[in-house]
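Please work from the sequences and hints to get the whole structure.
So the protein lines, in turn, are chains Z and U.
With my numbering applied, the first sequence closes on residue 390, and no number is skipped along the way.
With my numbering applied, the second sequence closes on residue 390, and no number is skipped along the way.
By construction, these hints were calculated from the structure, which means they are not laboratory data.
Please note: incorrect hints may appear among the correct ones.
Below, a list of computed lysine-lysine pairs in the DSS-like style, where the Cα atoms sit at most 27 Å apart [stated by the list, open to error]:
(1) K4(Z) <-> K231(Z)
(2) K226(U) <-> K388(U)
(3) K4(U) <-> K226(Z)
(4) K4(Z) <-> K231(U)
(5) K226(Z) <-> K47(Z)
(6) K226(U) <-> K226(Z)
(7) K47(Z) <-> K280(Z)
(8) K388(U) <-> K231(U)
(9) K161(U) <-> K280(U)
2 protein chains.
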Amino acid sequence: MKGKPLASIASAGLSKFGRRDGLYARELFLEAVNEAVERCPNVDLRKDVQALFVGHMGESYEHQGHTGPTLADWAGLLPAPAVRVEAACASSGVALRLGILAIASGLFNVVMVGGVEKMTHRTTAEAVEFLAMASDFPFEQWHGVTFPGLFALMATAHMNKYGTTEEQMALVAVKNHRNGSLNPKAHFQREVTLEEALASRVVAWPLKLYDCCPISDGAGCLILTKPELAKRFTDEPVHIVGSGQASDSIGVYEREEFTSLAAAKEAARQAYETAGLSPKDVQIAEVHDCFTIAEIIAYEDLGFCKPGEGGRLVEEGITALNGSMPVNTSGGLKAKGHPVGATGVAQAYEICLQLTGQAGRRQVEGVNVGLTHNVGGSGATAVVNIYKRG
Amino acid sequence: MKGKPLASIASAGLSKFGRRDGLYARELFLEAVNEAVERCPNVDLRKDVQALFVGHMGESYEHQGHTGPTLADWAGLLPAPAVRVEAACASSGVALRLGILAIASGLFNVVMVGGVEKMTHRTTAEAVEFLAMASDFPFEQWHGVTFPGLFALMATAHMNKYGTTEEQMALVAVKNHRNGSLNPKAHFQREVTLEEALASRVVAWPLKLYDCCPISDGAGCLILTKPELAKRFTDEPVHIVGSGQASDSIGVYEREEFTSLAAAKEAARQAYETAGLSPKDVQIAEVHDCFTIAEIIAYEDLGFCKPGEGGRLVEEGITALNGSMPVNTSGGLKAKGHPVGATGVAQAYEICLQLTGQAGRRQVEGVNVGLTHNVGGSGATAVVNIYKRG
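Quick look at the structure:
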């Protein structure tokens, strides 16, 4: 079974990320679906797509739950079964996993997976409150802890244990903003300097404004099929060869250590094992940089370096666009934006573009194996997938 | 493939339904898990259960999303992947479907599916508002339409087209309250008379208080495994031999007719087809009686009678506990209660008890084939499953 594709991506679409005033989530989703159809005209949505799995985190933003059939309707998929999944910021990473299961079950030949979030019409206070629902109510929210606070805790623990610096974290922002400036769909398309990043206002020490991803609107979708059917739809399929998902306690306080995410390490182990690959085989990755410290921890959890060496990796330019192991070429959550329900699928979208040579000004040459790392909340959910050019 | 089991139920557990003051959803879920473990001591949760799929409708009730890992933690399943799905009142019907896909994929041998909702600590106004999120925001909620209003619309259309009467609807309540009086886990364990039901106050004409299910707290879970492994865990497995799920527009106004649910008919068609069975093979059923009219429509959508004959079916006692085709022996949503995220799994729990002779004072003798019918919102999601005694 090792290395045998679990499912293949026939097409992918992404809406423009950012502040998308005057649109509902369903309209953003349709924008992504339309791109996927244009990219792969051989797929007849109504005839071919047999199910929809969609990540959508918050019913509160638009006072709208039951998003599965709503989006299936707008995408023209009725009466196909439609499933909304919520796993905080890993919602569409999990939706992608469900799509893989659906294909592997043999019960479906073609399914759509997607993700969407419309957030910016809300005040920052509202958005922060809705996001906080992904942390533990009695043991975290109730005491006023928000996600910047939880990740600040991880950052100080990492600084204390490994000597990671505020400069190293700021360099993640500098790198991802540079990448974002090359991505026409990114929320932020301008570079920032190390000095700007370090001088930005403190949100939760040591995390400053530029250490935090923005609140964004956006949507994405992928069309998955059986590997043996992929060539029927596209000449350039991308195969999903490894996949892992794991869980941890929702409350950070329950965990043994704060400087790595146990669920991410376990999800990575599963993904490498199913793919029959190791970290050194990965040539490009999109990781969950909700905060800059999260990208540094991701390097370590994914085995790109040893624990404690993540800060050095970005400092030495290894994960830069022209480095030996580019990470977050899309701009990441930091610059591309983080419409929470859409992020997992948006990561896979970027890997698809890179592996098929469609990434424009940020294209990395000669990459065949990519990885995505999607984290929910403070790490209670993690999904890792590995992709290979077809 | 027809009639070959898709998955098997090794064990099942259900919390007491009703007003469960002072408990969090996670504690209710643990109550259900503990029963499932007691019922099937051969399952070692931490060793055997490889994934959790859980239905949970509203993050607003407890200000708590990211329910998948939270419940996996409380059930002792970490680091197993955990997925929360939301499909309105069909959330755990869909979770059960995902569990079936997971088993069918061959990637898992044993998974848990569950559902939970904690609602009664909120005011009725809050609960009605949170429930309304499962209807269309711009085209329904915004105009003040709530679920009693939407189902009242279906009721008046059914009365107009087929001559269905308020008495026939009230008889659904009388039947289900009688069944509930025999179920020690039901929210309401007392009978009501036809006169009481008809005289109760109008909620949205023609639906009166006794035509509407209550707001309840509760949780349920099932342990699913591959059919060929079922006997390893229990001498009395229940096989899932048919399964269907379909979607419709979230807004009722978009539909061609109001007197049946297209998604339910399509889900039933798929379930009968995969099972290689027809409506006349079904000996017992749990259907989604969120309102009494919904049970009457369910009879028709499931093919238990012709369109327009549903009212007569209950009037003639055919669906009573001692009738030829007992429906909602548990008391249904009407009397057992409707903790929305738990309902789909709770229906499967009742069928498991009935098929294995464990239903106590409400046991129906000699039943081998059962069916569940779980509806989300006003019918944008529907799941139908068919079960056979192992």
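Hints and how they fare:
no.	hint	in the structure
1	K4(Z) <-> K231(Z)	16 Å, holds
2	K226(U) <-> K388(U)	14 Å, holds
3	K4(U) <-> K226(Z)	23 Å, holds
4	K4(Z) <-> K231(U)	31 Å, violated
5	K226(Z) <-> K47(Z)	16 Å, holds
6	K226(U) <-> K226(Z)	22 Å, holds
7	K47(Z) <-> K280(Z)	41 Å, violated
8	K388(U) <-> K231(U)	15 Å, holds
9	K161(U) <-> K280(U)	25 Å, holds
This entry does not satisfy hints 4, 7, going by the numbered hints stated previously.
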